[in-house]
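Novice: Here is what each chain is made of, one letter per residue.
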Amino acid sequence: MLCAFLAASSLSFAQTSVLFIPKPDPVPAKAGVTVEIKLPLQLRQGYHVNSDKPPDPYLIPLRLTWDAGALGSAEVLYPKPDLHKVEFSAAPLPVYSGKFELTTRLKIAPNAQPGLVNVPGKLRYQACDDRMCLPPRTVDLTLPVSISRQ
Amino acid sequence: MQVRKLSLPSIRRWILFTAALTVIISCTGVPDDVHVKNERQRKVSPDFSLKDSTGATVKLSDYKGKVVLLNFWATWCGPCKIEIPWFMDFQKTYKDRDFAVLGVSMDEDGWDSVKPYVEEHKMNYRVLLGNDQVSQLFGSIDSLPTTFVIDREGRIASMHMGLVAKKTYEHEIEQLLGAPKGGSQSGALRVPGGELAFLRAN
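Residue numbers (this note's numbering), protein chains in the order written: chain A, 1 to 150; chain B, 1 to 202.
A few of these clues could be false.
Below, computed lysine-lysine pairings styled on DSSO-like, alpha-carbon distance capped at 27 Å [to be verified]:
id, chain 1, residue 1, chain 2, residue 2
1, A, 85, B, 95
2, B, 95, B, 122
3, A, 85, A, 99
4, B, 167, A, 85
5, B, 66, B, 95
6, B, 122, A, 53
7, B, 59, A, 53
8, B, 66, A, 85
9, B, 59, B, 43
Since the hints were made in silico from the structure, they are not lab data.
Given the sequences, and given the hints that come with them, work out the whole structure.
Specialist: Pasting the structure below:
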């Protein structure tokens, strides 16, 4: 049972290197309302990604963006990062590691038409462990939103 | 099968010999991750032609006759930031002994990030802008830092993925600078950690 779980995990990791990003489930919504969508992420053990606001301008921030278009507007909320002590910075570095969640507040326009809308998004991140860093990656995401009549 | 019994004095001699050998090996101070290859195992480094921050074209083959520390890095790479002052020290210490550091930046946005970084950190060695073709030549560089130490004949003597100790590089550079130009009569020694380090025979 445990082996099956581990095997499945490593296969998932292989798709995006060290960050496991699940495919978002369809989100039910109504025109004119705001819905909150959680995107659970998981980093491979030993790795971290920068927070959305790294203190060093050269570090690449974690960034989730959605192009909601005429459907409405999206705001992304990032969790409180962990503070990670690193040799190259006097101050601890705000990072995410292990399991964490990004929250999207999607405000549906009052005139949104009923039906399924696929909202395209991008997740940009750059992962490191304590000895090395992997190149920055931008992963394309799709958020299916099912608009029902009010 | 005949089993020879060891006398107590001979066991003592063995223990003393083993202890002395351990002390001798430890006192050489060679870090565990020194990986200088035997000359016969070294492969010729791929050549490349890249631009530096002044727009000048730099070919790796121009450095034949020198020991080169070739470091792939990026401005967003934290562990690379730790190594940069070490490499600046090496450039300063060994520049008159046929040695050069070459930094190949793998930043996607090119000189926009790299030039200010080089200026801010007062990097005293040549920095070039890398690309995917050069990365492929060196076996697809997919993590940073990745560093190659190249001997005077243009052959790869060692390769390190990720951060290693400054001492490791110092040992490798000293070994390669110590080797006479045009090859050397050398011997191999097993160092703590089980790796083969290459030392001059004289």
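Novice: Find the hints from earlier in the document that the structure breaks and name them by number, from lowest to highest.
Specialist: The structure breaks hints 1, 7 and 8; every other hint is satisfied.
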